[in-house]
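Based on these hints, arrange chain R with the ligands on the given structure of chain Y.
Residues per chain are reported as follows:
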Amino acid sequence: MTKLHVSTTINGDPFEFLCAPDETLLDVLRNRLGLTGAKEGCGTGDCGACSVTVNGRLVCSCLVLGAEAEGAEVTTIEGMADGDELHPLQRHFIDGAALQCGVCTPGILVAAKALLEKNPDPSDEELRYWLAGNLCRCTGYDKIIRAVQAAAAEMRGA
Amino acid sequence: MRYLAAKTAAEAAGALAAEKGLTRILAGGTDVLVQLRSGMVEPDLIVDIKKIPGIRGIVAESGGFRIGAAVSGAEIGEHAALCAAWPGVAEGVQLIGSTQVQGRCTMVGNLCNASPAGDAVPSLVAANAVARIAGPDGERDCPVADIPAGPGKTTLKKGEIITSIFLPARPDRASDAYLRFIPRTEMDIAVASAGVSLELNADGTVKAARIVLGAVAPTVVVADDAGKALVGTNLDDGALAAMAKACEAVCNPIDDKRGTIEYRTKMAGTLAKRAALIAYARAGGSK
Ligand SMILES: Cc1cc2nc3c(=O)[nH]c(=O)nc-3n(C[C@H](O)[C@H](O)[C@H](O)COP(=O)(O)OP(=O)(O)OC[C@H]3O[C@@H](n4cnc5c(N)ncnc54)[C@H](O)[C@@H]3O)c2cc1C
Ligand code: FES
Ligand code: FES
Numbered sequence: 010m011t012k013l014h015v016s017t018t019i020n021g022d023p024f025e026f027l028c029a030p031d032e033t034l035l036d037v038l039r040n041r042l043g044l045t046g047a048k049e050g051c052g053t054g055d056c057g058a059c060s061v062t063v064n065g066r067l068v069c070s071c072l073v074l075g076a077e078a079e080g081a082e083v084t085t086i087e088g089m090a091d092g093d094e095l096h097p098l099q100r101h102f103i104d105g106a107a108l109q110c111g112v113c114t115p116g117i118l119v120a121a122k123a124l125l126e127k128n129p130d131p132s133d134e135e136l137r138y139w140l141a142g143n144l145c146r147c148t149g150y151d152k153i154i155r156a157v158q159a160a161a162a163e164m165r166g167a
Numbered sequence: 063m064r065y066l067a068a069k070t071a072a073e074a075a076g077a078l079a080a081e082k083g084l085t086r087i088l089a090g091g092t093d094v095l096v097q098l099r100s101g102m103v104e105p106d107l108i109v110d111i112k113k114i115p116g117i118r119g120i121v122a123e124s125g126g127f128r129i130g131a132a133v134s135g136a137e138i139g140e141h142a143a144l145c146a147a148w149p150g151v152a153e154g155v156q157l158i159g160s161t162q163v164q165g166r167c168t169m170v171g172n173l174c175n176a177s178p179a180g181d182a183v184p185s186l187v188a189a190n191a192v193a194r195i196a197g198p199d200g201e202r203d204c205p206v207a208d209i210p211a212g213p214g215k216t217t218l219k220k221g222e223i224i225t226s227i228f229l230p231a232r233p234d235r236a237s238d239a240y241l242r243f244i245p246r247t248e249m250d251i252a253v254a255s256a257g258v259s260l261e262l263n264a265d266g267t268v269k270a271a272r273i274v275l276g277a278v279a280p281t282v283v284v285a286d287d288a289g290k291a292l293v294g295t296n297l298d299d300g301a302l303a304a305m306a307k308a309c310e311a312v313c314n315p316i317d318d319k320r321g322t323i324e325y326r327t328k329m330a331g332t333l334a335k336r337a338a339l340i341a342y343a344r345a346g347g348s349k
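Chains Y and R supply the protein sequences, listed in that same order.
Take 10 as the starting number for the first sequence in our numbering and just add one per residue.
Take 63 as the starting number for the second sequence in our numbering and just add one per residue.
Please keep in mind that the hints were generated in silico from the structure rather than gathered at the bench.
Computed from a predicted model, the values in this text were never measured in an experiment.
Virtual Cβ for every residue (Gly too), placed ideally from N, Cα, C.
Heads up, a few of these hints could be off.
[Unchecked claim] Here are the computed lysine to any residue pairs in the SDA-like style, where the Cα-Cα straight-line distance is at most 20 Å:
#, chain 1, residue 1, chain 2, residue 2
1, R, Lys-113, Y, Arg-66
2, R, Lys-112, Y, Pro-30
3, R, Lys-113, Y, Glu-79
4, Y, Lys-152, Y, Pro-129
5, R, Lys-112, Y, Met-164
6, R, Lys-113, Y, Glu-82
7, Y, Lys-12, R, Asp-106
8, R, Lys-328, R, Lys-215
9, Y, Lys-12, R, Leu-107
10, Y, Lys-12, R, Val-192
11, R, Lys-113, Y, Thr-18
12, R, Lys-215, R, Val-96
13, R, Lys-69, Y, His-14
14, R, Lys-82, Y, Thr-11
15, Y, Lys-12, R, Met-63
16, Y, Lys-127, R, Gly-139
17, R, Lys-112, Y, His-14
18, R, Lys-220, R, Lys-328
19, R, Lys-113, Y, Met-164
20, Y, Lys-127, Y, Met-164
21, R, Lys-69, Y, Pro-30
22, Y, Lys-12, R, Gly-139
23, R, Lys-269, R, Pro-230
24, R, Lys-215, R, Ala-279
25, R, Lys-82, Y, Pro-30
26, R, Lys-349, R, Ala-303
27, R, Lys-215, R, Thr-70
28, Y, Lys-127, Y, Gly-111
29, Y, Lys-127, R, Cys-145
30, R, Lys-269, R, Ala-308
31, R, Lys-112, Y, Asp-31
32, Y, Lys-127, R, Glu-137
33, R, Lys-112, Y, Lys-127
34, R, Lys-69, Y, Asn-64
35, Y, Lys-127, R, Gln-156
[What the hints assert, rightly or not] To be clear about the criterion: a stretch of chain R counts as covered by chain Y if any three or more of its residues have a C-beta under 8 Å from a C-beta of chain Y, and this derived list gives those stretches:
#, segment
36, 64-70
37, 94-108
38, 321-328
Next comes chain Y alone, as it looks inside the complex (with noise of 0.2 Å):
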């Protein structure tokens, strides 16, 4: 297969990568970027492990191909602590133990902060309904809201 020339912005940083036609922005990221905080954990859509966003959409990245990377803005993980400094959705998850093995973590982290961006005061419901497509198998998710609450509480202070 011929490979496609794509050039991007992860984390506000241009990057340029080659990737096979049918190679998935998730696998781009993991595999040629070496950006493994995104994880795969059905490649089916399902579990949210590898979620990002794409021009400001939360998206699986098991379900967008690398091409379509070409000229959008991504954000992963990699881009969420600022430096060394964590950031507060990060922090309550670590003082909130709203992880065990850590796998979904870095897809709700994500995935919590393009909610927290949208309404900044979600209700527990709009939370969970939210996160419906992150699964975790440790944590019984209520740590989880609890974690996310207290990081928007403090955001919206701040």
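Just chain R with the ligands now, kept in the frame of chain Y:
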């Protein structure tokens, strides 16, 4: 496999028509990429339509709306005027998948993937929506109702792509609703579903009703007699019972682990009843 990001509808149609092997159109990719990965389909050419000018826009036209084929579910949900005029259409497409899937999935992809359980389709057919199609021989319009041909099959000809969907103007006292039944609250495939579009007279009786059922036949079915059973009524119990019976009469579902024939048939009538009551209230009817 080759990937082409077409710059015009004509380029897309030309490339699809010229390709001898298997082709797929890439809108949101939420069906295409799942099929690619599972090896269910191995296309020779994928044509991405999202770079075609205008294909991602929603514009007012003749009192109604023209919705570009690449508009995502999330974008439809954010369009207040469209959601107010066609709440049933908006809730159908917004039931598809998760937030992540909503960021990508399109109504046209749902229609052309041609699953009998596609959540966007019943409301579109109930709305008398019309698809605009670009093909090697130029442009044509076709009712959405005539696009599905069976599971995984459409009536589109080789090289044809849908470029937009037109939703007509709404008179006063008109609205719609969509309901599906799934065993969970999110992320599942409809066992049965119903889209209902109603127009009321000034006195609150039904002037026109269009009832469309999903997941109970190889394609969505328009339940004409069910619609007729509501005309002239204000959705009294007798009318609703007659309507549900007429719905059951047109069901021809499969029997599987998700639901038996009897269950799907009964559910279709029940969902149509409930959707009709919601559409009636939205249209300003009171009982
Ligand atoms: C996790 C998950 C959950 C889901 N949940 C639901 C659900 O609840 N309900 C439901 O109905 N579906 C569901 N789906 C299926 C899918 O998301 C929908 O069918 C969606 O609407 C497909 O749209 P798309 O734009 O992604 O289509 P694509 O995958 O881009 O395309 C689908 C098909 O349509 C054809 N096509 C696309 N655009 C055009 C066009 N403009 N002209 C002609 N042909 C075209 C393609 O060739 C392809 O065959 C789910 C999928 C996933 C991954
Ligand atoms: S890996 Fe993408 S949704 Fe599971
Ligand atoms: S912490 Fe293990 S899957 Fe969520």
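Checklist entry - Does the structure keep R:Lys-220 and R:Lys-328 at a Cα separation of 20 Å or less? => result violated (38 Å)
Next on the checklist: For R:Lys-349 and R:Ala-303, compute the direct alpha-carbon distance and say whether it is at most 20 Å.
Outcome noted: holds (16 Å)
Checklist entry - Residue count check for the segment 94-108 of chain R against chain Y: does it reach three with CB-CB under 8 Å? => result holds (count 6)
Checklist entry - Do three or more residues of the segment 321-328 of chain R come closer than 8 Å to chain Y, measuring C-beta to C-beta? => result violated (count 0)
Checklist entry - Is the Cα-Cα distance between R:Lys-112 and Y:His-14 20 Å or less? => result Distance ~18 Å between R:Lys-112 and Y:His-14 Cα, so the pair holds.
Item to check | Agreement of Y:Lys-12 and R:Val-192 with the hint, judged by alpha carbon distance not exceeding 20 Å | outcome: With a Cα-Cα distance of about 38 Å, the restraint between Y:Lys-12 and R:Val-192 is violated, given a limit of 20 Å.
Next on the checklist: So if I understand the rule, the pair passes when the alpha-carbon distance is 20 Å or less; does Y:Lys-152 with Y:Pro-129 pass?
Outcome noted: Roughly 19 Å between the alpha carbons, so the hint for Y:Lys-152 and Y:Pro-129 holds.
Item to check | Holds or violated: R:Lys-113 to Y:Glu-79, with C-alpha atoms at most 20 Å apart | outcome: holds (11 Å)
Next on the checklist: Between the alpha carbons of Y:Lys-127 and Y:Gly-111, is the straight-line distance 20 Å or under?
Outcome noted: Between Y:Lys-127 and Y:Gly-111 the Cα gap is close to 25 Å, so the pair fails against 20 Å, i.e. violated.
Checklist entry - Within a Cα-Cα threshold of 20 Å, do R:Lys-112 and Y:Lys-127 meet the stated pairing? => result violated (24 Å)
Checklist entry - Does R:Val-96 lie within 20 Å of R:Lys-215 when you go C-alpha to C-alpha? => result It holds: about 17 Å lies between the C-alpha atoms, which stays within 20 Å.
Item to check | Satisfaction of hint between R:Met-63 and Y:Lys-12, Cα-Cα up to 20 Å | outcome: holds (10 Å)
Going down the numbered hints, you'll see the structure goes against 5, 8, 10, 18, 19, 22, 27, 28, 33 and 38, while the others check out.
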